[in-house]
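Q: Letter by letter, the chains look like this.
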Amino acid sequence: MSDFLQEVNEKIGGVPIQRCYHCRKCTAGCPLASVMEYNPNKIIKMIQMGMKDEVLYSATIWLCASCETCVTRCPNEVNIARMMDVLRQMAIEKGGAIREKNVLSFHKAFLASIKMNGRINEPMMMVHYKLLSGDLFSDMAMGLGMFMKGKLSIFSPKTVNLASVKKIFSDTTKQS
Amino acid sequence: MKVSYYPGCSLHATAKEYDQSVKAVSAALGIELKEVEDWSCCGATSAHSTNFKLSVALPARNLIAAEKDALDVMVPCAACFNRFKSAQHHLKEDPKLKKEIEKIVGWTYKGTARVRNPIDIIFNDIGLDTLKGLVKRQLTGLKPVSYYGCLLLRPPEVCEFDNYENPVLLDKMMDSLGAEVKQWSYKTDCCGWSLTISRSDIVGNMVNKLMKMAKEAGANCIAVACPVCMANLDMRAKAELRIPVFYFTELIGIALGLKGSQDWIKLHNIDSKPLLSGLGLL
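Top line first, the protein sequences correspond to chains A and B. Here the first sequence is numbered in our numbering, starting from 1 and rising by one per residue. Here the second sequence is numbered in our numbering, starting from 1 and rising by one per residue.
The reader is advised that the hints may include incorrect statements.
[Said to hold, decoys possible] Cross-link-like lysine to aspartate or glutamate pairs, in silico, DMTMM-like; alpha carbons within 20 Å at most:
hint	chain 1	residue 1	chain 2	residue 2
1	A	Lys-130	B	Asp-201
2	B	Lys-99	A	Asp-171
3	B	Lys-23	B	Asp-263
Bear in mind the hints are in silico, worked out from the structure with no lab data behind them.
Chain A extracted, bound-state conformation:
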């Protein structure tokens, strides 16, 4: 068994992905399969073959929207959605280049907003995302429209016990 396969299985902590018999039901139901670099079934095969670098640098792992259709329909109960989470986390830990880096920039901006306010402050989160991604001008008209409708408030209430939220971030980042 390849080390990569073993590592992914351990991190999923459920049904080992060797149980996949490649019926491709996951891929048939996947709403993003047509825009992924490798479809979900191919990713499983690539893990089985130990293709660590290719998998962790694939666009697929970032374009999975976690809709969980695959795991719901898998006849062998392979947790493909959880597998995608595991692969994203391995790609982050490995460091180096990330495909679809704007998806990761969004996650970073989103989590930074929680860490800072306990809750999402949408305008500040968007500014942060735009700075991280360099995508400065998209959705400006939409944002303005929402602002005019009072949907984007710059001073939204924060969680009062912010220390408890910050502790969650520092403790889970240390251990993972």
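For this one, chain A is given, so just place chain B on it according to the hints.
A: Positioned in the frame of chain A, the structure of chain B alone reads:
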């Protein structure tokens, strides 16, 4: 009945009409809401995509806060609902993880709070007969398709919500308001969810397909129960394909003649006034 209420971040911002309509409908149906004390964000997709323990600890902090009220927790946002149910699932299945999370959050997790979406509470606790009895204005001529999306339903053993391939609760609820619910095969398809900011091109194609299929099914509007489904359908679909999108609670509000219902729908991007005034529902 009395329940704990977890609004979540969206319901205080981009989905504030969902918050307002949930509160108004709850009051009309005799459901008393007590907001979870000093709640924080559930972590959503960004937490579970990047850090597993964080994705359990953030909901756990809120579940523990809710447990102090010893009531069921109403969670209207499908994303928060999914993260809460998922955290409960992991905490139940993995005692070692539970211990670790309790240490991080600094409190014992009992697992006693039932996490429930308002669709479930209205359907199972209030009952459609009661709802029907309160209708002041039948939604005659309104032809919604029910759009459940992903996060209320999947994975089914975690969400424990409705039939995961052909859910019917929303359909039955809209029917009890006098709407002519249309059948379609896209009830549980994904809208593209959090890719909406980073890959809006992909999300645009996904919601265009949903709009097209809803129209093909003969619908003149879409009923949703998720702030992300709403945002994506309401904002990202091509102009020529658009039909109005409503939170199901807004439609209940219109049927029950609740104060504020005309203001909630003004907050949408797609103008629903022509449709509603044409049907005499404004």
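Q: It remains to establish, for every hint, whether it holds in the given structure.
A: Here is what the structure says about each hint:
Simply put, Lys-130(A) and Asp-201(B) have alpha-carbon atoms about 17 Å apart, close enough for the 20 Å limit, and the pair holds. Under the criterion of a C-alpha separation no larger than 20 Å, the hint pairing Lys-99(B) with Asp-171(A) is consistent with the structure, at around 13 Å. Pair hint Lys-23(B) plus Asp-263(B) holds up; C-alpha atoms about 14 Å apart against a cutoff of 20 Å.
The structure meets every hint from the earlier list without exception.
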